[in-house]
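Number of protein chains: 2
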Amino acid sequence: MLEKYIRAARRETKADLVLKNAAYVDVFTGKVKRGDIAVVGEKIVGVGEYDGVKELDCSALTVVPGYIDGHVHIESSQLSPEEFASLIVPRGTTTIIADPHEITNVCGMAGCEYIAKASESVPLDVKIQLPSCVPATPFETSGAVLGGKDVEENIVKDYIFGLGEFMNYPGVLFCDNDVIRKLEAAHAAGKVIDGHAPAVYGNDLNAYLCGGITTDHECVTPEEIEEKISKGMYVHIRHGSSTQNLSNAKMMTAENMRRFILCTDDRHAADLKEKGHLDDALRRLVADGIDPVRAVTCATLNAAECYGLKFRGGIAPFWLADLVAVDNLKNFNAQYVIKDGKLVAEKGKPLFDTSKRYLPENVLNTVHVKTLAADDFVLKINSDRAKAMTIEPGGVVTGCEIVDVRHENGDVVVKGTDLLKLAVVERHKMTGNIGKALFKGYGLKGGALGITIAHDSHNIILLGDDNKAMADAANRLREIGGGMVLVDSAKGEIHSLTLDIGGLMSSRDAESLQRDSRALIERAHALGVKREYEAFMSLAFLSLAVIPKLKIVDKGLFDVGKFAFTDIEA
Amino acid sequence: MLEKYIRAARRETKADLVLKNAAYVDVFTGKVKRGDIAVVGEKIVGVGEYDGVKELDCSALTVVPGYIDGHVHIESSQLSPEEFASLIVPRGTTTIIADPHEITNVCGMAGCEYIAKASESVPLDVKIQLPSCVPATPFETSGAVLGGKDVEENIVKDYIFGLGEFMNYPGVLFCDNDVIRKLEAAHAAGKVIDGHAPAVYGNDLNAYLCGGITTDHECVTPEEIEEKISKGMYVHIRHGSSTQNLSNAKMMTAENMRRFILCTDDRHAADLKEKGHLDDALRRLVADGIDPVRAVTCATLNAAECYGLKFRGGIAPFWLADLVAVDNLKNFNAQYVIKDGKLVAEKGKPLFDTSKRYLPENVLNTVHVKTLAADDFVLKINSDRAKAMTIEPGGVVTGCEIVDVRHENGDVVVKGTDLLKLAVVERHKMTGNIGKALFKGYGLKGGALGITIAHDSHNIILLGDDNKAMADAANRLREIGGGMVLVDSAKGEIHSLTLDIGGLMSSRDAESLQRDSRALIERAHALGVKREYEAFMSLAFLSLAVIPKLKIVDKGLFDVGKFAFTDIEA
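Top line first, the protein sequences correspond to chains C and R. Just so we're on the same page, my numbering is the position in the first sequence counted from 1, plus 13. Just so we're on the same page, my numbering is the position in the second sequence counted from 1, plus 13.
Don't take every hint at face value.
Since copy identity is lost for identical chains, a pair holds within one copy or between any two.
Calculated pairs, SDA-like style, for lysine to any residue (alpha carbon to alpha carbon, straight line, at most 25 Å) [said to hold, decoys possible]:
1. 170 / 297
2. 130 / 458
3. 130 / 429
4. 162 / 193
5. 575 / 172
6. 204 / 15
7. 17 / 211
8. 17 / 203
9. 44 / 304
10. 17 / 214
11. 575 / 54
12. 323 / 269
13. 46 / 243
14. 323 / 193
Just so you know, these hints were derived from the structure itself, not from any lab.
I would like the entire structure built from these sequences, with the hints used as guidance.
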């Protein structure tokens with residue numbers, strides 16, 4: 014193959030593809046230059062004057078290297094990897110560092126393998142990070158447990174690129190045996206370890222980094238960024254749907270700029286479709302006054318260096334021909350996207366087929382519960398005062414409020430109050446576990462909502478003011494193999510949306526999924542759910558026992574501050 | 014081991030070594046900061062406040078990461094790797110990318126292995142680049158030939174770090190089969206390929222880079238540097254004994270600075286001893302107005318990134334504890350050098366023993382010639398006008414002058430003229446080849462000089478005005494197994510200096526070797542060699558058939574411009 018590149022570089026033969034007369038971003042010198050970019054096979058072979066078998070006129074466009082998303086959970090889009098690619102590749106993203114943490118919590122290594130295999134058919138490099146913290150906490154029942162031994166066995170596999178975000182930082186600091194084993198296995202395999210260490214400073218940060226962890230996407234303050242970069246970390250500029258820290262880019266200087274990279278972490282399909290992916294991050298950064306060439310460098314060369322992706326992230330001979338021709342460095346509207354030397358998207362539309370999706374049995378039918386009855390949702394409280402969970406609109410931090418409760422037939426009365434029942438039904442191992450709590454202020458009246466996305470173990474989370482509606486919701490979720498459900502008690506109707514892949518993602522196309530999803534969300538608001546909440550997705554974080562304050566998991570009510578279970582009685 | 018690092022980072026246990034209260038260069042942010050640098054085993058575990066089992070007061074010093082020489086031929090020092098380390102480690106160099114091109118031309122892979130094994134006993138990381146062009150040209154007889162198959166077999170070995178400078182750029186451009194095979198083997202093994210492409214531009218440079226070649230240490234002009242960096246190359250700032258391009262550093266900008274690294278390429282023992290190694294380069298760069306932190310970054314983090322050396326080249330937790338405490342960022346006088354966490358040099362003196370040297374049989378006794386007689390140096394020229402070689406003082410480029418010649422008994426007469434006879438005697442394969450030429454203007458009278466260093470095949474190169482003296486010189490070199498020799502015809506004396514390792518390097522200590530070497534050089538000047546020449550070393554480049562203009566190899570006189578042999582007759 015080298016010979017083919019060399020001959021074309023010398024113009025002895027025509028290139029396969031030439032981007033004619035393109036302005037292009039030279040990330041190595043920080044300049045915008047102009048030339049014909051010649052491509053043979055999957056490689057750029059030269060910039061200069063070239064003729065190609067196929068030529069694209071780029072005289073009115075600016076070519077940049079394909080974007081690299083430094084950290085993303087595909088599952089957060091609720092789309093299959095194929096459909097996810099169909100949204101982000103036309104935006105200019107050609108490589109992602111994907112951590113299939115969610116589906117691995119449900120399906121174990123089968124989830125990880127599914128993401129890898131499903132990605133093979135699309136023109137997107139999906140580098141799979143082995144999820145490091147499955148489950149995220151020992152207080153809940155997850156579909157799988159990846160211990161030190163499992164990490165040792167799997168980290169060496171060819172399709173595993175590195176070890177995913179190491180969220181269990183106390184485990185590192187306290188030298189938990191299994192944690193050390195995981196970290197050492199990754200080093201032995203020569204693989205990169207992503208970090209996740211919000212507000213860890215000083216000696217604790219030193220200790221965390223002694224695990225050989227290299228990145229952080231949780232930075233927000235200037236002090237934290239300065240310290241983390243100073244200690245050798247790469248810091249992500251994050252453009253998720255909820256979690257954003259684009260302002261991190263303001264901390265870039267000439268000296269430290271090579272240590273900043275971009276990521277999206279969690280981004281919903283609607284945002285991907287309507288606003289975009291890293292192209293939207295670039296647009297926003299430039300609008301915020303960041304130098305466009307520098308912003309592009311973060312999204313390309315820097316990320317490639319961070320993750321050791323050689324000959325990627327720049328426009329130069331022998332470098333991977335992952336290229337995006339955009340209208341300009343302000344709007345970043347991608348006109349052409351070239352992946353591995355092939356034109357794969359034009360004017361925002363994918364030129365690849367994603368209709369045939371890889372869909373193995375072992376990621377389907379993941380809702381394992383017995384048929385539930387209204388009585389299963391009876392909530393007995395031995396006091397007239399109880400703890401109720403609350404949640405800030407738009408956030409994931411929950412509160413705890415002490416409320417007065419009434420009882421009837423050994424069950425707490427929620428109808429006619431601003432309280433709702435919340436339940437987490439274990440759905441992986443048929444343990445029969447149901448964690449129950451009270452939830453205040455959400456607004457739902459006359460029914461139940463349910464969803465099989467509940468971070469990070471993804472049990473069934475149910476909310477309602479009617480025991481039978483909650484049971485019906487759970488049973489419907491079992492029937493459809495996971496997804497979202499709404500029960501309207503008054504009308505006697507059950508509406509649902511299937512997320513067949515692990516109960517987290519749909520094998521359908523983004524457009525029809527979103528249409529149905531929006532309809533279901535509207536029904537929830539019609540049943541009273543306040544508009545300041547994301548009707549279903551806000552529920553998905555009520556079980557995340559690593560974020561304050563009061564959470565509910567299948568084993569009961571959890572006080573994050575005390576890092577222990579707690580009674581519902583106040 | 015991770016556990017030990019983590020506990021010390023959290024101050025649960027004492028660090029092994031602490032550099033107390035040190036100013037230090039933070040290459041990640043480009044700032045000079047202050048703190049205690051804690052070391053456990055071979056790693057830095059933290060910067061902050063720390064106590065150590067051993068502590069070094071650094072309150073008056075500035076700590077920088079250990080320097081990385083991006084490209085060096087140890088052989089050019091004429092010292093063994095152990096002795097070489099004893100000179101450069103106390104200067105602050107802790108890692109070198111070594112290309113044992115010279116000794117491999119003499120001894121084949123045994124030479125390469127020798128450099129690797131001899132380096133094991135010293136506190137210096139010697140990353141061995143497999144020489145890519147052995148021999149450098151097909152026009153001379155070398156001790157070894159490394160073809161495509163040999164490279165395939167050897168590049169995969171654990172001790173081989175990458176493929177050495179690819180000097181044969183025409184071979185790349187013309188897709189020579191063996192060249193392509195070598196390059197592809199390096200890529201298949203996932204190894205880095207160093208470049209060497211002086212004044213290659215445009216499409217030819219594109220083609221050269223399509224070989225997947227990543228560095229160049231031959232850049233000199235701003236245009237060349239701009240183009241090479243723009244095309245993804247790392248550019249070396251070179252501080253050799255003869256070849257210098259420190260001024261390349263003037264081309265550094267905030268945007269391109271990460272693509273500059275330092276190297277020495279070829280540096281003599283005397284310079285290493287008297288002026289220094291990369292410390293001297295840093296001193297000079299700063300004196301030239303380069304920002305000291307930026308200069309340090311080139312010598313450390315940049316080189317580590319270029320060569321994919323993870324967790325090296327910065328002062329941060331989990332990074333390799335290769336540290337240099339210097340007096341200041343102007344003089345760069347190393348007070349302490351720490352390698353892999355251990356204090357290995359103090360106040361310019363090595364704290365390690367290099368008296369026991371690895372000296373395998375297969376790099377000794379490498380001068381294989383029959384006993385020569387005066388008649389072997391008869392030079393018959395069938396014309397009264399002939400081509401004579403000349404050489405610029407201080408350079409390696411030779412000229413060609415047409416001179417009148419007289420004959421006597423079928424031999425050209427040089428006595429009493431400003432001409433000398435030059436001969437290259439093949440010394441590897443006993444071919445009996447002797448290439449002969451005329452050399453003008455060197456000044457020697459009444460004897461002969463000889464040396465077994467003759468780039469790149471390292472045959473015997475002899476210069477003299479007396480056939481018998483030349484034969485005596487060759488015979489002495491055979492006797493001593495290589496080195497340098499001087500024959501004083503008038504006094505009937507023969508003086509020599511042994512370079513027992515491949516005829517290139519001495520197994521002795523630097524000091525006594527230099528003393529004897531200087532004495533021999535003085536004798537050469539006493540015999541008339543003009544002071545503007547390096548009496549012996551200038552001869553070593555007369556056979557380098559890739560540098561213009563007229564060269565002499567064992568197979569005859571070579572016209573580099575025509576890339577063909579030429580007759581001596583004008």
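Results for each hint:
1. When the C-alpha separation of residue 170 and residue 297 is checked against a cutoff of 25 Å, the pair qualifies neither within a copy, at 38 Å, nor between copies, at 48 Å.
2. In this assembly of identical chains, residue 130 and residue 458 lie within 25 Å of each other by CA distance neither inside one copy nor across copies; the values are 43 Å within and 78 Å between.
3. For the identical chains of this complex, residue 130 and residue 429 are neighbours neither inside a copy (50 Å) nor across copies (83 Å), given an alpha-carbon limit of 25 Å.
4. When the C-alpha separation of residue 162 and residue 193 is checked against a cutoff of 25 Å, the pair qualifies only within one copy, where the shortest distance is 11 Å, while the shortest distance between copies is 43 Å.
5. When the C-alpha separation of residue 575 and residue 172 is checked against a cutoff of 25 Å, the pair qualifies neither within a copy, at 39 Å, nor between copies, at 52 Å.
6. In this assembly of identical chains, residue 204 and residue 15 lie within 25 Å of each other by CA distance solely across copies; the values are 15 Å between and 28 Å within a copy.
7. Taking the closest pair of Cα atoms, residue 17 and residue 211 come within 25 Å of each other only across two copies (24 Å); inside a single copy the shortest separation is 48 Å, beyond that limit.
8. For the homomeric pair residue 17 and residue 203, the shortest alpha-carbon distance between copies (20 Å) is at most 25 Å, but the shortest distance inside one copy (32 Å) is not.
9. In this assembly of identical chains, residue 44 and residue 304 lie within 25 Å of each other by CA distance both inside one copy and across copies; the values are 11 Å within and 22 Å between.
10. Within a single copy, residue 17 and residue 214 get their C-alpha atoms only as close as 51 Å, which misses the 25 Å cut-off; across copies the closest is 19 Å, which meets it.
11. Within a single copy, residue 575 and residue 54 get their C-alpha atoms no closer than 57 Å, and across copies no closer than 36 Å, so neither meets the 25 Å cut-off.
12. Taking identical chains as interchangeable, the C-alpha atoms of residue 323 and residue 269 lie at most 25 Å apart whether they share a chain (21 Å) or sit on different chains (18 Å).
13. For the homomeric pair residue 46 and residue 243, the shortest alpha-carbon distance between copies (10 Å) is at most 25 Å, but the shortest distance inside one copy (32 Å) is not.
14. Within a single copy, residue 323 and residue 193 get their C-alpha atoms only as close as 29 Å, which misses the 25 Å cut-off; across copies the closest is 20 Å, which meets it.
Against the hints set out earlier in the document, violations occur for numbers 1, 2, 3, 5 and 11.
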